[in-house]
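Taken in sequence, the protein lines are chains A and B.
Note that my numbering gives residue 159 to position 168 of the first sequence, counting from 1, and the numbers run on in steps of one.
Note that my numbering gives residue 102 to position 111 of the second sequence, counting from 1, and the numbers run on in steps of one.
Since the hints were derived computationally from the structure, they do not count as laboratory data.
Warning: the hint list may mix true and false statements.
Since the list gives no way to pick one copy over another, a pair counts as held whenever it fits inside one copy or between any two copies.
[What the hints assert, rightly or not] Below, simulated SDA-like cross-link-like pairs (lysine to any residue); rule was C-alpha separation at most 20 angstroms, straight line:
#1 Lys(-7) with Lys218
#2 Lys189 with Glu234
#3 Lys187 with Ala211
#4 Lys178 with Ser152
Just so we're clear, the structure is a prediction, and the values are computed from it rather than from any experiment.
Residues per chain, in single letters:
There are 2 protein chains.
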Amino acid sequence: MKSFTAVALEKFPLIKPGDNLAKIIVETAEKNCLKIEDGDVIAVAQKIFSKAEGRVVRLKDVAPSEKAREIAKKTGKSSKFVELVLRETKNILKASREVLLVEDVRGLVCINAGIDKSNIEGADTFAFLPENPDVSAEECRKEIRRLTGKHVAVVVCDTYSRPFRRGQVNFAIGVSGIKSLKDYRGKRDLFGYVLKVKNVAVADEIAAAAELLMGQATEATPVVIFKGLKDIVEFCEKASVRELEISREEDLFKDAL
Amino acid sequence: MKSFTAVALEKFPLIKPGDNLAKIIVETAEKNCLKIEDGDVIAVAQKIFSKAEGRVVRLKDVAPSEKAREIAKKTGKSSKFVELVLRETKNILKASREVLLVEDVRGLVCINAGIDKSNIEGADTFAFLPENPDVSAEECRKEIRRLTGKHVAVVVCDTYSRPFRRGQVNFAIGVSGIKSLKDYRGKRDLFGYVLKVKNVAVADEIAAAAELLMGQATEATPVVIFKGLKDIVEFCEKASVRELEISREEDLFKDAL
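Bound-form chain A, shown alone:
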């Protein structure tokens, strides 16, 4: 039977700067009586990597630049918060009263460069995304292999708004151990027709599936382990979420909004 199971690790501890996340994942899996096995795909909310990597900042410690002040005036946001966003931004796509939308330094298009407040201790404390989520995923994967001997994949994920559609979904922002895309182009369908376009962003689909269990509020389940995906996604040693980046020239939606 073709199937997979997704399990959220419960009683996951709060993460502090310097924590060894891989070790905590392995230990918490044990406490959940869950064996880590070859072919498991482990989805991890970016927030706990941010915390472990110390990517957390207090607004009161931020000195806004002149540019940040300008944009703050235009958008109605705090100049200190805008300063944080600018530090993580490659291109500003839109700065209005409604939204500060950017292409971030990682190549990710998202609101506020992914900086947010939820599930971070301290009233004026915000979290940046992990500096390089692919590297975070890679280090975690290798450390899990060292600790358990098992070959797993790690997908770092975060929840974002999408164009044309209400509501947010979880996206993959870092990947290690599996390809981000599953390419059907050139393959045939049930009737022999050769597929021309289908190149599926399976890393995003895994992230989306994981969010159902992670939740957004007090769930405290930032890690979801998938069993059964081994023959569905392609395991590999060299992987990157950058596979999912698209240039403006290639983006079929350009000039459509």
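With chain A's structure known, arrange chain B on it following the hints.
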């Protein structure tokens, strides 16, 4: 343990116009030794609804309008194919050599109004989306309840490209029995901070998860049954995918592409 399992129904028969899909789903689940239970969420690829509803057309039978000929010239597409797209279109968002992007009659923003060729018998045969996927989902759900006595949810899904991101993912295009959104706004996080924005498109996340098992080529697994989502998504009698529609005014990404 917080978990869910997704199972693809194998040996799913090819669907013909007039087929009772609910009955086929129930029978195929039995053949797979899978019990349909209260709280199951059943994800169904739109293509089999299209086939059962006879939403299939041969290009040779299509007479292109003047407008279709114009757009065909501009885009380099077949005027007959453009005619099909126009029949399903409310607004054309972009018509270029690269893409014909529309808001379809259902309110869905997608390429070619979701009309495609894959897994349809006949060299010049194309499938429209189901006329009203919410209604398709609702009828299927009610028929499954009649046949089994079980209260399930049905999510109709299809695979689309997204702006800013390479690769396609599965989206929900019709829903019955569960809310499409899970709204966290006003709820508190682990540290008491009140969430302001998070309103998660869980129907899209379920669709995305289902695609991992459905695939796009010769898998012949257009139905995926989820077990364990009962306490995660909100079951309800009145549901619609229209919850996921967003007006241009509300879309934070407008003017950003």
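Structure-based check of all given hints:
In this assembly of identical chains, the alpha carbons of Lys(-7) and Lys218 lie at most 20 angstroms apart whether taken from the same copy (11 angstroms) or from different copies (14 angstroms). Taking the shortest Cα distances, Lys189 and Glu234 sit within 20 angstroms of each other inside one copy (15 angstroms), while across copies they are farther apart (27 angstroms). With identical chains, the CA atoms of Lys187 and Ala211 are at most 20 angstroms apart between copies only, with a shortest distance of 18 angstroms across copies and 42 angstroms within one. Proximity of Lys178 and Ser152 under a CA criterion of 20 angstroms is satisfied inter-copy only: 18 angstroms between copies versus 32 angstroms inside one chain copy.
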